[in-house]
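Protein chains in written order, with the working numbering: chain A, 69 to 384; chain B, 1079 to 1614.
One should not assume that every hint holds.
Unchecked claim - In silico BS3-like cross-links for lysine-lysine, where the CA-CA straight-line distance does not exceed 27 Å: (1) B:Lys1320 <-> B:Lys1285; (2) B:Lys1432 <-> A:Lys124; (3) A:Lys288 <-> A:Lys81; (4) B:Lys1320 <-> B:Lys1147; (5) B:Lys1285 <-> B:Lys1432; (6) B:Lys1370 <-> B:Lys1141; (7) B:Lys1320 <-> B:Lys1432; (8) B:Lys1147 <-> B:Lys1285; (9) A:Lys290 <-> A:Lys81; (10) A:Lys116 <-> B:Lys1147; (11) A:Lys291 <-> A:Lys81; (12) B:Lys1285 <-> A:Lys124; (13) B:Lys1109 <-> B:Lys1120; (14) A:Lys116 <-> B:Lys1432; (15) B:Lys1285 <-> A:Lys116.
To be verified - A short, non-exhaustive set of chain B residues, derived as facing chain A with CB atoms under 7 Å: (16) Trp1085; (17) Gly1151; (18) Val1153; (19) Leu1436; (20) Glu1437; (21) Arg1439; (22) Ser1440; (23) Ile1441; (24) Pro1443; (25) Ala1463; (26) Gly1473; (27) Ile1477; (28) Pro1504; (29) Gly1514; (30) Met1515; (31) Thr1559.
In short, the hints are calculated from the structure, not lab data.
The structure displayed is predicted, hence computed values, not measured ones.
Positions of the beta carbon are idealized from the N, C-alpha and C atoms, including for glycine.
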Amino acid sequence: MLLRLVPDNTHIKFMWLRKVSFPLSIVLVIASLAGFFTIGMNYGIDFKGGTIIEIKTDGPADIGAIRSELGALNLGDVQVQEFGGSDDILIRVEEQPGGELAQQSVVSRIRTIFEDDNVDFRRVEVVGPRVSGELAQAGAIAVGASLLAILFYIWFRFEWQFAVGAILTTANDVIITIGLFVLLQLDFSLSSIAAVLTIIGYSLNDTVVVYDRIRENLRKYKKKSLTELLDQSINETLSRTTMTSVTTLLALIALYVFGGEVIQSFTLAMIFGIVIGTYSSIFLAAPFLILLNLRADALSSKDDDEEKGPNAKATV
Amino acid sequence: MLHFARWKIALIVLVVAAGILMTLPNFFSTKQLESWPDFLPKNQMVLGLDLQGGAYLLYEVDKEDYIEKRMQGLVSDIRTTLREDPRIGYTGLGVQGDSAQVRIRDLTRLDEAEERLQPLVNPLVSNLFGGQPVNEFDLTVNDDGLIRFTYSEEGLDNRLTYIVQQAIEVIRNRLDELGTTEPNIQRQGTDRILVEAPGEGDPERLKDIIGETAQLTFHMVDQSMSGEQALQSRPPVGTVVKMSVDDPPFPYLLEEAPLLSGEDLVDAQVSFDQRNNEPVVNFRFNQSGARKFALITQQNVNRPFAIVLDDEVISAPVIREPITGGSGQISGNFTVEGANDLAILLRAGALPAKLTVLEERSIGPGLGADSIEAGKLASIIAGTAVIVFMILAYGRFGIIADLALLSNIFLIFGALTVLQATLTLPGIAGIVLTIGMAVDANVLIFERIREESRAGRSVISAIDAGYSRALGTILDANITTLIAAVILFQLGSGPVRGFAVTLAIGIFTTVFSAFTFSRLLVALWIRRRRPSKLPI
């Protein structure tokens, strides 16, 4: 007997469920945006500038002593925390006033504290004010540009409602993931941008699979009501949607548990994003099409679509 | 969909075999690889700095400092030019913001002054503008006698280009002298330099060596007054006060124009003073330097001269006798490492301008090794979990999907090795993510086959339809991810790029292995077993 996550021939009324899923998403999106603008994200040094030093001490480290020694240096906001073990310490120092040179002196001053102890400097990262501004800009452009490029691709392959629906779905995922960053105050760094972009890719991947089926069914069942047709399409792809989420989550959870401290917040964001992405491609992506008045348009443009040749045929 | 021509089968098998073959060297040590026959590939994956440890340093030319120094030089040139016979009276000569200016007293001689100062705009040859000479400075003359030199935009760009080129050369020399293995030094944008030194365990020393301007000059000491006196009053025209490196610093009054500079050196070595066994740096001048040095020392016996490094007086010995051999010695309370560093800097040459560190990331070799271990473990566990899950869910077809997944992993590693793309920690995450998502294509196909079979199709027809109908979806889904990966690569830097590369490679190999390779396996299976019942 083979494992089935979803029984064959389900008939769940997803369109009816949008009465729950829409308000839920709206509340989550508003809460995330509110959190983003009031509490704000915990930007890492990539975007805020500053210094990160990871050290490994000989035997368990005395965090209190390290904290007070660092406090005496007058470096402003300094955080000291364990990083994966009692002998592994992460020190974060905020950006120093006084330009690029001031950041450099932080490292040498901290080094003098540990000079006599047997301490291994495992990682030193210093980002000055100029670069951090540029990195933040490049990151924002990367997210915006990829959303735009994907919007055009889907527009080219499907009707416009699909493109708009896909972008709304994806924007929902990205905003709620950012909400998670705010809520847990996860370090938002360059690799978090990579995580967000991966979530965009995955969420779209999922949404496109559902949309593909909807388009196929639109051609097959011309008499069915849109609600019925969307429900059927989601039910048909439900098994695949959950299977893929489970295999991807299996891989990511392995990475989260065994992949080491350095990429843990990166993986956590992705795990969360996959869950949200799966939720949204089931509960949001298709209902958006109703909201955007799909049927009338889709029927009229259907015939042109068929004439597009082998490209369009391949998807039938 | 299920028919394969012989040559197609051969080609598909060949691609998978090539993937395995290219991945193979990564399992062996470099020593073992040496004994391999020549026809086998020996390239191993390139590990990013975050995996093998090393230092990443982003420098920027300190523009303000450079402009200020250049303007000071220009002011002294203006002074010399106007004082030439017949002397032109002037006032208010100095650096103003980022320009140099002077006011001519006698307005009737303004044209004469302009003509005389004109050559100082310093024409530069630039290929950018079709060989048309570009002036380094713009010269403006006001009717009220004010003459001003400002940097022209092209002039500054031209200088920066030259400075960055030269700085890269100097940094390369210094790192070579230091024995850094395979450093990567490259220009970024107009005025930035990226230095990557894999395996460098001591980034502080690296920074010390790169960051030092190492401008060495030799000046005569002006004895008309003491350094303290000059500090309190004003130093005579043509002289400057420079502090010594001693603690507390001691002021020296020096002639402004250097007699000789580090450019005239050909060699510098550490040795030990025979009297007190302190480390010293011995240097040797080139021919013209040696001649000049001999002349100077002949004319100035019993007068002190100063050795100045980056605006600080290292030592100011008195010339006891003419030095004609073209070599000399710098002694200045050095530590052995200090003397060694100075010798390296003198051999490698001076930086044309001050460099500032904008960004620094260094990873110790210990952390890198830990990350590789963690990445390996996570990949193996992730792979095993997915493989077991696929067999549980799809039985025999799950095995086929797993074979496709394995070939996919080999192809990813093979491609990374052949392309010599850098594998970073986020890159490993990208591979693990690909492992999870790679089976997606097979899931799509298998679910489709189940559906088609439920709809009443025969086994073979259901499988055929499953593959052909899933293709469009697979392509659409993967192209969207590819778009994200490409943009990530374009705009990202360092580790993020590594992630984008593995993600993009993963998409291509996934479509190949999950669609084409698994289809071949299914076709071969059908040919042998001729199944009458669908096993999924």
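#### Entry: Supplied contact hint for Ile1441 of chain B, tested at 7 Å Cβ to chain A
This interface hint holds because 5 Å falls under the 7 Å limit.
### Query
Should the hint that Ala1463 of chain B touches chain A count as held when the rule is a Cβ pair under 7 Å?
holds (4 Å)
### Query
At a threshold of 7 Å, is the proposed contact between Gly1514 of chain B and chain A supported by beta-carbon distances?
Constraint on Gly1514 of chain B satisfied, holds at 3 Å.
### Query
Holds or violated: Lys290 of chain A with Lys81 of chain A, Cα cutoff 27 Å?
The given pair, whose Cα atoms are some 20 Å apart, holds under the 27 Å limit.
### Query
Are the Cα atoms of Lys116 of chain A and Lys1432 of chain B separated by 27 Å or less?
With Cα atoms ~25 Å apart, Lys116 of chain A and Lys1432 of chain B stay inside 27 Å; holds.
### Query
Is Lys291 of chain A close enough to Lys81 of chain A, meaning Cα to Cα at most 27 Å?
holds (19 Å)
### Message
Hint validation: Glu1437 of chain B versus chain A, beta carbon distance must be below 7 Å. Holds or violated?
### Response
holds (5 Å)
### Query
Given the proposed pairing of Lys116 of chain A with Lys1147 of chain B, does the C-alpha separation stay at or below 27 Å?
Not OK: Lys116 of chain A and Lys1147 of chain B at ~32 Å, beyond 27 Å, violated.
### Query
Is the Cα-Cα distance between Lys1432 of chain B and Lys124 of chain A 27 Å or less?
violated (34 Å)
### Task
Under 7 Å, Cβ to Cβ, is where Val1153 of chain B needs to be relative to chain A, so tell me if that hint holds or is violated.
violated (26 Å)
### Query
Does the nearest C-beta of chain A fall within a distance shorter than 7 Å of the C-beta of Ser1440 of chain B?
holds (5 Å)
### Hint status (Cβ of Met1515 of chain B to nearest Cβ of chain A, threshold 7 Å)
holds (5 Å)
Going through the hint list in order, the structure does not satisfy hints 2, 6, 10, 16, 17, 18, 24 and 27.
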